[in-house]
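**Student:** Sequence:
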Amino acid sequence: MKKIAISLFVSTLATVALVACHAAEDDPAGQAEELSDPVRRTNAIRNLQKIWSNALREADGDRSAANVREVADAVIDKLAQAYIDNRMDNQNGLAMLQLMKEMEDPRALPALVAALDWRAEVNEEHAIRAAQTIQILELEEGQKADVASALGEALEKVRQARPVDNRLRVEMIRALGSLDSTAATPHLTKVATQQIEEQNFLINRLAAQQLGELGDPEAVDEMILGLYLFAPSNPGMRMNDVAAEALVRIGQPSLQPLLATLRGENEAANDIAEAYIEAVRQRDEQAAERMSVEQHIGGEATYALGALGFREAFDPLFAETEAEDTFRRLNGAIALVRLNMNESDLPRVRERLQSIYTGFADDAQSVQMKAQLTAAMRSLYDPGYLDFFLEQAKEEDNHPVVRLEAMSSYALLANKAQAEALQAWLAANEDDPYHDNFSQTTEKALATAIECDEDVQCYIGKLDDEDKAVIRKAAFMLGRLGRGNEAVIEALVGKLDHGELEVRMAAVQALDRVATEGSEAAIEKIEQLREQEQGRAIWNQFAREALPIEARLRARMQ
Numbered sequence: 029m030k031k032i033a034i035s036l037f038v039s040t041l042a043t044v045a046l047v048a049c050h051a052a053e054d055d056p057a058g059q060a061e062e063l064s065d066p067v068r069r070t071n072a073i074r075n076l077q078k079i080w081s082n083a084l085r086e087a088d089g090d091r092s093a094a095n096v097r098e099v100a101d102a103v104i105d106k107l108a109q110a111y112i113d114n115r116m117d118n119q120n121g122l123a124m125l126q127l128m129k130e131m132e133d134p135r136a137l138p139a140l141v142a143a144l145d146w147r148a149e150v151n152e153e154h155a156i157r158a159a160q161t162i163q164i165l166e167l168e169e170g171q172k173a174d175v176a177s178a179l180g181e182a183l184e185k186v187r188q189a190r191p192v193d194n195r196l197r198v199e200m201i202r203a204l205g206s207l208d209s210t211a212a213t214p215h216l217t218k219v220a221t222q223q224i225e226e227q228n229f230l231i232n233r234l235a236a237q238q239l240g241e242l243g244d245p246e247a248v249d250e251m252i253l254g255l256y257l258f259a260p261s262n263p264g265m266r267m268n269d270v271a272a273e274a275l276v277r278i279g280q281p282s283l284q285p286l287l288a289t290l291r292g293e294n295e296a297a298n299d300i301a302e303a304y305i306e307a308v309r310q311r312d313e314q315a316a317e318r319m320s321v322e323q324h325i326g327g328e329a330t331y332a333l334g335a336l337g338f339r340e341a342f343d344p345l346f347a348e349t350e351a352e353d354t355f356r357r358l359n360g361a362i363a364l365v366r367l368n369m370n371e372s373d374l375p376r377v378r379e380r381l382q383s384i385y386t387g388f389a390d391d392a393q394s395v396q397m398k399a400q401l402t403a404a405m406r407s408l409y410d411p412g413y414l415d416f417f418l419e420q421a422k423e424e425d426n427h428p429v430v431r432l433e434a435m436s437s438y439a440l441l442a443n444k445a446q447a448e449a450l451q452a453w454l455a456a457n458e459d460d461p462y463h464d465n466f467s468q469t470t471e472k473a474l475a476t477a478i479e480c481d482e483d484v485q486c487y488i489g490k491l492d493d494e495d496k497a498v499i500r501k502a503a504f505m506l507g508r509l510g511r512g513n514e515a516v517i518e519a520l521v522g523k524l525d526h527g528e529l530e531v532r533m534a535a536v537q538a539l540d541r542v543a544t545e546g547s548e549a550a551i552e553k554i555e556q557l558r559e560q561e562q563g564r565a566i567w568n569q570f571a572r573e574a575l576p577i578e579a580r581l582r583a584r585m586q
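Residue numbers 29 to 586, in the numbering used here, belong to the letters of the sequence shown in order.
Hint data in this document are derived by calculation from the structure and do not stem from the laboratory.
Hints are not guaranteed to be accurate.
[Said to hold, decoys possible] With a straight-line cut-off of 20 angstroms between C-alpha atoms, the simulated SDA-like cross-links for lysine to any residue are:
1. Lys472 x Gly489
2. Lys106 x Asp88
3. Lys444 x Tyr462
4. Lys472 x Asp390
5. Lys496 x Ile478
6. Lys422 x Pro461
7. Lys185 x Gly170
8. Lys444 x Ala399
9. Lys472 x Asn513
10. Lys172 x Asp133
11. Lys422 x Tyr462
12. Lys129 x Gly205
13. Lys444 x Glu471
14. Lys422 x Ala399
15. Lys444 x Gly489
16. Lys185 x Arg115
17. Lys444 x Leu418
18. Lys496 x Asn443
19. Lys106 x Asn118
20. Lys129 x Arg190
21. Lys496 x Lys422
22. Lys129 x Val96
23. Lys129 x Asp88
24. Lys496 x Ala449
25. Lys172 x Glu132
26. Lys496 x Ile551
27. Lys422 x Ala449
28. Lys218 x Asp269
29. Lys496 x Glu528
30. Lys422 x Asp390
31. Lys444 x Leu454
32. Lys106 x Gly58
33. Lys106 x Leu122
34. Lys106 x Ala51
My request is simple: use the sequences and hints to build the entire structure.
**Tutor:** The following block contains the structure:
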């Protein structure tokens, strides 16, 4: 019995000694050491998560605080190495990656790169978590090429269409874009232009979006093809909008390749256009019969050149306004007015646009075309169109939609004398069948014009009015009067987040006119709205106008 007691006593001492060897639960360095022990690893991860959360809470979320940095310094290297050394520990590995993500420490990069080397049905979630973490890290320039290569290799392994495969593609593409490095370009262009059954076309669009963010001239050729690419199973799904945005962000290097494409010299683009028409033919024979490669190629290249805005495209786009095809003429006109034209160009453009307008047939389709062309004329903020607008508004044989668009355009650009002239005509023509409609549509704009005339400060003040009709009038007049005026630019930027879409549109279009040297404030505001409102209806509508203008403003700053 005595021997048994002694044996139990010794055993107890050994157990106590063993327990004493374990790190305290609140000791970050000690817990990090225990990550190498397969028996203690799960508990160590749990303790480290608590330690990190407590440190961050005590610092009010400030990762630069001394106590937070002390924990990170004690843990991160050992955490990363433990992951690398124990890749087969799937569950704990994912928990370690999650902790690395929460710590946002670039020293975890070796482990993140290792996690990108994933295996199907084994550790896809590891690669996804690693890519998500890379998106929030601030890496050194010297690290980015290797990370881009690892992400590219990880993307190459995605060959199926499982839900997890789509998640892999999305997070890898976002991670490549987050690098803000041209090292990502070849990997993104491959995904953007790849057409395989297993890859949803939304993935192509996402890759093109990221290329737009990078603005790398090496992506020009692929993004021009992107103007014409489509989902093979659904030709209605395309990426022309994001491809055009990317080309505009890239700027000057896009110009000559786009002009060559407009001339029909891009064989790859021509082939895609032919395939697109055939895909449409499978669904709608009549629609395909109305299409041609030249029309399709010209339409997208024309739009992109207009969005790009360089004066060098003036002659080719002017030539488009003289094409036999009505749609090409209209598209050419709409693109032409978006260029950074010289003041000496305006009379020639005005004459051509008015000629196109009067040449439209008198049918339902032409009604919409005339309305579109009127809006294009108005976007030049050129008072030289006012007499033409008034003439079209007065013409009783015109369709009511055409008359109303012309009347509204006149009111938006009129100064005091011009506003009084319209008021006098309205007073003398009360028997016009659309008199009441005209009066209601123009009332606020005309009253504002009479009050402010051509006083820029008065119109800046009117931007704070509660009535959106008054704000729109002010924005249009600032577009007419405020070219290059920094106070005007600042005031218009302040309206980009207005709750009314019409106000936003008026402000961003006026900015395109007045911000002749670009505007960092406008670019930042549009990017902020993109981040905050992505997916909301107002952003989806605003983005179609705002993003090309943002890209054009950016290009003017280069």
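**Student:** Going straight from one Cα to the other, do Lys185 and Arg115 come out at no more than 20 angstroms?
**Tutor:** 18 angstroms, holds
**Student:** Holds or violated: Lys472 and Gly489, Cα atoms, limit 20 angstroms.
**Tutor:** Holds, because 15 angstroms separates the two Cα atoms, which is no more than 20 angstroms.
**Student:** Does Asp88 lie within 20 angstroms of Lys106 when you go C-alpha to C-alpha?
**Tutor:** 25 angstroms, violated
**Student:** Does Asn118 sit within 20 angstroms of Lys106, going by the straight-line distance between their CA atoms?
**Tutor:** 18 angstroms, holds
**Student:** Is the hinted pair Lys496 and Lys422 satisfied, with a Cα-Cα distance of at most 20 angstroms?
**Tutor:** Violated, at about 26 angstroms.
**Student:** If you draw a straight line from the CA of Lys422 to the CA of Pro461, is it 20 angstroms or shorter?
**Tutor:** The hint holds at about 11 angstroms.
**Student:** Could you grab the alpha-carbon distance between Lys129 and Asp88 and see if it respects the 20 angstroms cut-off?
**Tutor:** Within the cut-off at roughly 18 angstroms; holds.
**Student:** Is the hinted pair Lys472 and Asn513 satisfied, with a Cα-Cα distance of at most 20 angstroms?
**Tutor:** 25 angstroms, violated
**Student:** Could you grab the alpha-carbon distance between Lys422 and Asp390 and see if it respects the 20 angstroms cut-off?
**Tutor:** With a Cα-Cα distance of about 17 angstroms, the restraint between Lys422 and Asp390 holds, given a limit of 20 angstroms.
**Student:** Against the 20 angstroms threshold, does the CA-CA distance of Lys185 and Gly170 hold or violate the hint?
**Tutor:** 25 angstroms, violated
**Student:** Regarding the pair Lys444 and Gly489, is the alpha-carbon distance no greater than 20 angstroms?
**Tutor:** 17 angstroms, holds
**Student:** Measure nothing beyond the straight line between the CA atoms of Lys129 and Gly205; if it is 20 angstroms or shorter, mark the hint as holding.
**Tutor:** 18 angstroms, holds
Checked against the numbered hints above, the structure violates hints 2, 3, 4, 7, 8, 9, 20, 21, 24, 26; every other hint is satisfied.
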